[in-house]
Amino acid sequence: YPLLLMSVVAPVRHWEEENARGSRSVSQLVTIVVVAISAVGATFVNQLGTLNQLNGALQVSCFIGLVPGMAGLYLLGYEAASWRMLMYTLVTSALLASALGLVYTANNPEELESACMWHMHSD
Numbered sequence: 148y149p150l151l152l153m154s155v156v157a158p159v160r161h162w163e164e165e166n167a168r169g170s171r172s173v174s175q176l177v178t179i180v181v182v183a184i185s186a187v188g189a190t191f192v193n194q195l196g197t198l199n200q201l202n203g204a205l206q207v208s209c210f211i212g213l214v215p216g217m218a219g220l221y222l223l224g225y226e227a228a229s230w231r232m233l234m235y236t237l238v239t240s241a242l243l244a245s246a247l248g249l250v251y252t253a254n255n256p257e258e259l260e261s262a263c264m265w266h267m268h269s270d
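This note's numbering puts the sequence shown at residues 148 to 270.
Please keep in mind that the hints were generated in silico from the structure rather than gathered at the bench.
Small disclaimer: the values here were computed from a predicted structure and weren't measured.
The beta-carbon is built from N, C-alpha and C at its ideal position, and this holds for glycine as well.
Be careful, since some hints might not be right.
What the hints assert, rightly or not - Estimated spans, in silico, between C-beta atoms of each pair:
| # | residue 1 | residue 2 | range |
| --- | --- | --- | --- |
| 1 | Val155 | Tyr221 | 19 to 29 angstroms |
| 2 | Leu152 | Thr190 | 13 to 23 angstroms |
| 3 | Ala218 | Thr197 | 29 to 39 angstroms |
| 4 | Trp162 | Trp230 | 26 to 36 angstroms |
| 5 | Trp265 | Asn166 | 51 to 61 angstroms |
| 6 | Glu226 | Met264 | 45 to 55 angstroms |
| 7 | Ile179 | Leu201 | 22 to 32 angstroms |
| 8 | Thr239 | Ser170 | 38 to 48 angstroms |
Please take these sequences and the hints and turn them into a complete structure.
Laid out in structure tokens, this is it:
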């Protein structure tokens with residue numbers, strides 16, 4: 148959670164540093180607002196299963212595909228066709244995995260347990 152919060156607040160903190168502001172009052176305010184919005188959302192949402200599925204699917208596309216792929220395409224300076232193809236493949240694969248994560252949402256633990264080589268015994 149703090150890792151994601153810091154990435155949300157980082158642009159504001161960077162703006163404060165660029166404008167030579169001595170205090171970090173704006174970034175602290177943004178931090179409080181983000182945490183407050185999260186708290187309000189957590190108060191009124193009583194079923195987090197769907198939210199967790201959506202969050203996981205979006206994280207796959209962003210953290211594993213889009214961000215590294217765009218960095219590889221536009222920030223690292225490699226111009227080889229093979230490199231660009233690999234980056235496009237990374238982005239496309241992550242988007243496909245996210246789409247599959249949105250479609251296949253059931254865990255089916257009983258089915259998984261029956262197909263597993265190691266069986267858990269509950270007493």
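Against the earlier hints, flag every one the structure doesn't satisfy and list their numbers going up. none
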